[in-house]
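Using the hints, put the two chains back together into the complex; each one sits in its own frame.
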Amino acid sequence: MESFQTLDAGRCQVHALLHPAFRTKEISLRCHLRMARERVTEVAMLPAVWMNGTLSLPSYRQIALATDDLYGTHVRASISKRGGYHILEVGASVPDVPGEDEAALVERALDLVLSLAFDHAIGVGGFSEAAVQREKELHRRRIRAVRDDKAAYALQRCHQIACRGTPAGLPRLGFEEDVEALMPDRLYEVYQQVLAQAEVHAYAVGQFRDMAGLAARVADRLAKALPEKRAMRTETVARDVVQPVEVRAFEEVTEAEEAQQTQFDLAFASGVGFGDDEYPALVMMNGVFGGFAHSKLFMSIRERRSLAYSVWSFVDAATGLLTVYAGISADKRDEVRQILEEELEALRRGEIAASEWQETRATLRNQYQQMLDQPAMLIAWHHHAVIAGSERTIPEMIESVDRVRPEDAAEIAAALRPVCLYVLEGRGSRA
Amino acid sequence: MSDARHVSLELPFETRTWRLQNGLVVTLMPRPALHQTYAMFATRYGSVDRAFRTDGKAHEMPDGIAHFLEHKMFEDPEMDVFARFAAHGASVDAYTTFDHTAYYFSGTGEIAKHVGTLLDFVQSIHLTDENVEKEKGIIAQEIHMVNDHPDRRAYMELLRAMYHEHPVRIDIAGTVESVRAITKEQLLLCYDTFYHPSNMVLVIAGGFDADEIAHVIEENQAKKSFKEPPAIERLYPEEPPTPARSRHWMHFPVQQPRLLVGWKEANGAFGSNLIEQDTAMTILLDALFGPTSAFYQSLLDEGLVDKGFSANYQLSNTFGYTLVGGNTPHPDVLAERIQSHLARVRERRIDEEAFERARKKIMGRVLMSLDQNAFLVRNWVTYFLRGAEAFAFADVIAVLQTMTLERANARFQEHLREDNMVVSAVVPS
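First to last, the protein sequences are chains A and B.
Note that the working numbering has the first sequence beginning at 1, numbered continuously upward.
Note that the working numbering has the second sequence beginning at 1, numbered continuously upward.
With the rest of the complex left out, here is chain B (with noise of 0.2 angstroms):
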């Protein structure tokens, strides 16, 4: 079998990616042997983005702001944006993260029909008290759903623990008394604030004409005045590289004990830079607690895991971390043993086998994951958004490919340590 540094990728697809006038980026993936299109229209805006300053002018949002501006979006008094899509069989839905709001539809037909409906209903407004109103007790139960959920709640208070500062801290959808303070006028703020082309990207793979589409995009923005693009200035507080809490217990109505394993980067990354320590990080990871490790039998067969037990990275421009962990009986324990494990594996480094093994595996599911429509989109907006410009996947593939040992030892010494790491658990109250 063959070395997967040698691999030889050809994607199998075209990508066509430029910028309008009005600055909105687009990308088109035609796949003409697919049902399906996934189309994603998605705004560099996030919950982190509370306080920001345009025109001279300091702002501070409430919690929670930036998600609900992405469920108001879907008021109209044109149309039922559900229905408008629904009506020629596609469905339309979106989520906000931290740094990104995302639009997206799915479906198969009419599509040149479809990317008309998402280009207008996100690039129009209708905001008015009563609906604003309305829509706090749809998100107070929203939020009551997300605080039910133990793996969600684990991982929020991991990040509270974590950070000092960094709205990273705070919850997506806010609280349910942040969201009752919201007002019509922040709303609008912050959409004319970001939701300019220019801040945005629209992103589209499946099986559709792309000369089509092409046409239908470019026809629809010409008919759109914008204003100049608000110069945007973000405001984030200072956050200490280390965290804030080291250990972090709490007692929740649950089942089973949920431990989760922290450690912060001091620093965000953009573009090319995130992309490459993104892919080191997930080779790394998979070779300390992945399945074919041998910490992760030993932990199977004592009985401190599950195989839920995961390894995750998130990387974003102004945050970073590493999250391991998942059910267990006794987190004590369970925390114990991953840092030794690491205290081991810092004195005799990462094992090469392990480590080609893993390069091997995610080889193989970054192929795999070119069937996924949704999944490339999703992908790709995320990279976009968080600076690579010039993303293509060939890179992803270009990274794993070149990725080093020393490299990924490097990574260990500087992230993995003990001085940045938090520990945290949900146990049952």
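Isolated chain A (complex conformation) (with noise of 0.2 angstroms):
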């Protein structure tokens, strides 16, 4: 099975896959760093700011003129969070062309995001005045357009309230009360700092003809675009899970808006997050809890009930949360909740029939290999379990949710404690 090869150059890895299946070449820079009330709304900015123009190519347009000359590879700057952690990724998508010259798109493909990441300077291209107030306007807007997405607000509202007072309880995207006083150059100081702090990884998925030349030629650019030298990664990584042991109250939230359904999500905490041993079974327990259409909550709240269209329970890996979220009317709320509560006890109680656990088995086997076959997954997947400080790749998740017992699903949720319930009233969702 494919693996990663990696070029470990001090500051920053670079890993790299050959593949013969993709045609179209993955480029991604990643670079992750602990997020902070401080200066997450300035971190979560930054991708964005990068993409208004560099120092050789100042503006948003001669970016994307340089991208429709490289045959439409698709570059792309995002910000988003794992845990307590941001990431910025740099990426680009080179297709393959018969009969232009492979190297040379590459290498113009590389050269645009190294340059998207570091060829920036305090005034100009993105940096400048101009461009960050327009920047500071769009932010604000994104900020706010959260709520517009009913279901994932709701989502990120519970898991807020869940890790409540740590890194990962603050939003991806900062907050709207920071931006109106920022500045260019407080903005140039959190890109410095994140330039000096941040770990770095880059990955390249492909045919590529050279590749190790190209992995040696990205260290090597990469060691002297970053100002610190010595290696960034730390011993211990910074653990985001939510302890179900702890001590603390059991909170229930509900919050009013104009809409027709009702979003409820309700959050336990596991312990258990990528790294450890458990993972597989966590994910197994909640596969046939509610993470399919044959899952029980499917089953007993979709189709024998008519409760919801959606209903799914799902796992964040990093801060081991288990979430159930349902779309539904509001005064269905309790009825939802006990529903959910029975098919969990009778997990707990270790319910399990062998034609659920087989299916839940194969579907999760299917799922990651389907994985395979997507490079920007693969590169996720390598990723995040750096950042979880893991060494776990696909194939090996595969074997271990093949090892999963019952009985370790049936220890999982027994040890699962309800940490938040969130419910977003729709005042029109009265039946």
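Because the hints were derived from the structure by calculation, they are not lab data.
We put the beta carbon where it would ideally sit given N, CA and C, even for glycine.
Just to be clear, a hint being listed does not mean it is correct.
DEER-style ranges, computed between Cβ atoms [to be verified]:
no., chain 1, residue 1, chain 2, residue 2, range
1, A, 345, B, 57, 32 to 38 angstroms
2, B, 273, A, 124, 46 to 52 angstroms
3, B, 131, A, 411, 45 to 51 angstroms
4, B, 346, A, 221, 45 to 51 angstroms
5, A, 354, B, 93, 20 to 26 angstroms
6, B, 185, A, 345, 40 to 46 angstroms
7, A, 3, B, 185, 53 to 59 angstroms
8, B, 352, A, 99, 21 to 27 angstroms
9, A, 256, B, 12, 37 to 43 angstroms
10, B, 226, A, 3, 28 to 34 angstroms
11, B, 131, A, 102, 40 to 46 angstroms
12, B, 112, A, 3, 28 to 34 angstroms
In the SDA-like style, the derived pairs of lysine to any residue whose C-alpha atoms are separated by at most 25 angstroms in a straight line are [claimed, not checked]:
no., chain 1, residue 1, chain 2, residue 2
13, B, 57, B, 227
14, B, 307, B, 317
15, B, 184, A, 303
16, B, 307, A, 172
17, B, 113, B, 57
18, B, 307, A, 184
19, B, 134, A, 300
20, B, 134, A, 310
21, B, 227, B, 58
22, B, 307, A, 377
23, B, 136, A, 304
24, B, 113, A, 401
25, B, 307, A, 304
26, B, 307, A, 57
27, B, 136, A, 151
28, B, 134, B, 57
29, B, 307, A, 56
30, B, 134, A, 110
31, B, 307, A, 141
32, A, 224, A, 6
33, B, 113, B, 184
34, B, 307, A, 224
35, B, 227, B, 116
36, B, 113, B, 14
37, B, 307, A, 130
38, B, 136, B, 83
So, in structure tokens, the structure goes:
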């Protein structure tokens, strides 16, 4: 099975995967660092600021022109979070164009990616006064727009409450109240902090003709671009897993707004994160509980009682939170909660049919195997493992899932403690 | 760097298409290097097919019935369809659009078994008054979910303003009221009318053995008997070429206003004409509104749009439209800017450099999409059901290569006019 070759270049690591099935070549530069209240908003804005212009390509349009010339090479810069870590990514998907000089296309795409991350100066491109003013307004709107996707907003609120007071409880985009006072020099200062403090991982996946040469060149160029030469990787990774044993009161929060549907999110702490041995058992338990269309929650809440169209449970690998989500009528919240608690009790008693178990295992195996066909997923998996301080690969995950026994899943279920019920009540959703 | 007009393309897979005796068309795209297989079984039947004539009798159905039927196909007293796929590690789902309904699975092993299950569950129906009633609550929640989504609302509001009569103005899922009115007998009539193999297509791409799968399909279909294909006459109301309304403002609990400007096609298109027109519009819209246009940069500079600003084109057999827009703090100003931009282009014509740049970019994007099985299959199904009976990806590449600036200019003059334009906004209530 395919695996990454890693070139350790001290300050950063370059991970390369020669993959014969893809015609598209993926290049990705991923920097991660701990989230902190005092700079969360600034860090969140940086990828968008980078896309607004560099020293050599001082406007968004010039960046876009450069990508069009590379046969629509898809270049992106994004901010995501994993537990209490912010991840800044600059990536490029380069098409394989018959008759074109591959090495030249790849080299120019790489130039573009590195330029977006490192080729900046205060007062120029994305860090110019005018560009920063515009971006502030856009960022304010981005933060507000989170509310427009009700399901995503409710889940974010639920996890914020469940992880309150920790870096994992900080929102991905930061806070609207931070935006107003932001000046280009402050943004640039935080940018310098990111360059100095973030852990940097570069990825290349696809049919590169000279993979080893490319990896060496990337490592060399990163070494020149990054200010700190020493390795930033710390010995211990910060752990964001919410513990079920901690003495904390269960919180129930209801907010209301104009909407036809009510969002119901109930988060449980499992105490198990991606890097833990019990993680595959948590994933299996979740699959049987509400992970799939054959699961207990889907069958009981949707198929048998017609209470919801969407009803799922899912695991956040960084915090170990297992969250049940349902889109319902406001007056059905108690009924939904009662059913899900009954199903959880059944799981705790080990009531798992052989067919449920087998279906869940086969579906998970399928899900993981499909990731092997998707370069972006391969990269994300590897990087998430790095963040969790784990070396678990996708094939290893498949093997571990195969070894989980129903009693392991029952044990996980028994240890779950509810942390937060968040309900976003749609005023128009009372039947 | 060479010119996008001279890229030579060899597809990275073989394509096999044939028609079975019962009329079903099958296309296989075996790709041994991939783990995943994606298969889709689809019928030329969507939400706009609400009125039709069979055996000399005209029928008019409640809105949302095609989507309702899609939900009910998963009902089977013999098996839980989701579990049947899950047992061998595949996931199954379905969707309904304005003009087709598609059932699909994605799996990494035992593909022959899954193909059989896919054919079997869609080619049998099990309706009772109780299971029809039960579905109404689930679909009501789905309608509420969609109605709460501002982007979806903005899109449907625009179509409502654009069309006088054509059912593309009605939500695919219908309304809670129309769904309540749906009966078992109506669902059966629609099933018998539109789910005949001769009205359907099966397309599979991914890591499987083509000979084995071809055999499985032939055998599965040979065992089943079907009635003679019904003669279907689809009835669409008379639709004037101009929009029902040129301006439509809607208040909605939303954080940011959304603006969409739309242009209505007077007619739909079929087959190769549809592919040609679709491709011409894709290049044209990218040249006019894409990220590399000076116009887009100026909108960004003025804070009128964010990077979600986009332009899309849809073309089916009986309708077609362009939509341009996104989030904006000032819907009126943005609408005015889009209109004056087009007025300038109308005088000066489309910039040749922008046109070539768009061609090159879209060529690269088509090549990258060949890595995505799901994308390949969906595209194939959509083009096929819209009349491209002998569709091939090479056709799209060929159209891209031979498209001319004159053609793009002619399309511009013909389609992006002021008299067929609609401006629609969703604004905070």
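Here is how each hint holds up against the structure:
1. A hinted range of 32 to 38 angstroms for the beta carbons of residue 345 of chain A and residue 57 of chain B is inconsistent with their spacing of about 54 angstroms.
2. Checked against the given bound of 46 to 52 angstroms, the beta carbons of residue 273 of chain B and residue 124 of chain A, roughly 49 angstroms apart, stay inside it.
3. The hinted window of 45 to 51 angstroms between residue 131 of chain B and residue 411 of chain A is violated, with their beta carbons roughly 37 angstroms apart.
4. Between residue 346 of chain B and residue 221 of chain A the beta carbons are some 47 angstroms apart, a value that agrees with the proposed interval 45 to 51 angstroms.
5. Between residue 354 of chain A and residue 93 of chain B the C-beta distance comes to about 25 angstroms, which sits within the given range of 20 to 26 angstroms.
6. Take residue 185 of chain B and residue 345 of chain A: their Cβ atoms lie about 42 angstroms apart, and the range 40 to 46 angstroms holds.
7. For the pair residue 3 of chain A and residue 185 of chain B, the beta carbons lie near 58 angstroms from each other, so the given range of 53 to 59 angstroms is met.
8. Between residue 352 of chain B and residue 99 of chain A the beta carbons are some 22 angstroms apart, a value that agrees with the proposed interval 21 to 27 angstroms.
9. For residue 256 of chain A paired with residue 12 of chain B, a C-beta distance near 53 angstroms fails the hint of 37 to 43 angstroms.
10. The hinted window of 28 to 34 angstroms between residue 226 of chain B and residue 3 of chain A is violated, with their beta carbons roughly 49 angstroms apart.
11. Checked against the hint of 40 to 46 angstroms, the C-beta distance between residue 131 of chain B and residue 102 of chain A comes to roughly 56 angstroms, which is inconsistent with it.
12. For the pair residue 112 of chain B and residue 3 of chain A, the beta carbons lie near 30 angstroms from each other, so the given range of 28 to 34 angstroms is met.
13. With a CA separation close to 18 angstroms, the supplied pair residue 57 of chain B and residue 227 of chain B stays within the 25 angstroms bound.
14. With a CA separation close to 31 angstroms, the supplied pair residue 307 of chain B and residue 317 of chain B exceeds the 25 angstroms bound.
15. Taken as a hint, the residue 184 of chain B and residue 303 of chain A pair is honoured in the structure, with Cα atoms around 18 angstroms apart against an allowance of 25 angstroms.
16. As the CA atoms of residue 307 of chain B and residue 172 of chain A are separated by approximately 18 angstroms, the hinted pair is consistent with the 25 angstroms bound.
17. The hinted pair formed by residue 113 of chain B and residue 57 of chain B fails the criterion: a straight-line CA distance of about 39 angstroms is larger than 25 angstroms.
18. With a C-alpha separation of about 21 angstroms, the suggested pair residue 307 of chain B and residue 184 of chain A falls inside the 25 angstroms cut-off, and the hint holds.
19. For the proposed pair residue 134 of chain B and residue 300 of chain A, the alpha carbon gap of about 13 angstroms is at most 25 angstroms, so the pair holds.
20. Restraint check: the Cα-Cα separation between residue 134 of chain B and residue 310 of chain A comes to about 15 angstroms, which is no more than 25 angstroms; the hinted pair holds.
21. Distance hint between residue 227 of chain B and residue 58 of chain B is fulfilled; the C-alpha atoms sit about 20 angstroms from each other, no more than 25 angstroms.
22. Taken as a hint, the residue 307 of chain B and residue 377 of chain A pair is honoured in the structure, with Cα atoms around 24 angstroms apart against an allowance of 25 angstroms.
23. The hinted pair formed by residue 136 of chain B and residue 304 of chain A meets the criterion: a straight-line CA distance of about 12 angstroms does not exceed 25 angstroms.
24. The hinted pair formed by residue 113 of chain B and residue 401 of chain A meets the criterion: a straight-line CA distance of about 23 angstroms does not exceed 25 angstroms.
25. Restraint check: the Cα-Cα separation between residue 307 of chain B and residue 304 of chain A comes to about 43 angstroms, which exceeds 25 angstroms; the hinted pair is violated.
26. Straight-line distance between C-alpha atoms of residue 307 of chain B and residue 57 of chain A comes to about 18 angstroms, which keeps the hinted pair within the 25 angstroms bound.
27. For the suggested pair residue 136 of chain B and residue 151 of chain A, the alpha carbons sit about 22 angstroms apart, so the restraint of at most 25 angstroms is met.
28. Annotation: proposed proximity of residue 134 of chain B to residue 57 of chain B is violated, straight-line Cα distance about 30 angstroms (limit 25 angstroms).
29. For the hint pairing residue 307 of chain B with residue 56 of chain A, the CA-to-CA distance comes to about 21 angstroms; that is within 25 angstroms, so the pair holds.
30. A distance of roughly 55 angstroms separates the Cα atoms of residue 134 of chain B and residue 110 of chain A; the hinted pair therefore is violated under the 25 angstroms criterion.
31. For a cut-off of 25 angstroms, the pair hint linking residue 307 of chain B to residue 141 of chain A stands: about 12 angstroms separates their Cα positions.
32. For the hint pairing residue 224 of chain A with residue 6 of chain A, the CA-to-CA distance comes to about 19 angstroms; that is within 25 angstroms, so the pair holds.
33. Restraint check for residue 113 of chain B and residue 184 of chain B: not satisfied, since their Cα atoms lie roughly 30 angstroms apart, outside the 25 angstroms limit.
34. For the proposed pair residue 307 of chain B and residue 224 of chain A, the alpha carbon gap of about 31 angstroms is over 25 angstroms, so the pair is violated.
35. Distance restraint check for residue 227 of chain B and residue 116 of chain B: the Cα-Cα separation of roughly 20 angstroms lies within the 25 angstroms cut-off, and the hinted pair is therefore satisfied.
36. For a cut-off of 25 angstroms, the pair hint linking residue 113 of chain B to residue 14 of chain B stands: about 22 angstroms separates their Cα positions.
37. A threshold of 25 angstroms between alpha carbons decides the hint, and for residue 307 of chain B with residue 130 of chain A the separation of about 17 angstroms falls inside it, so the pair holds.
38. Restraint check for residue 136 of chain B and residue 83 of chain B: the C-alpha separation of about 22 angstroms stays at or below 25 angstroms, so the hint holds.
In summary, the numbered hints that this structure violates are 1, 3, 9, 10, 11, 14, 17, 25, 28, 30, 33, 34.
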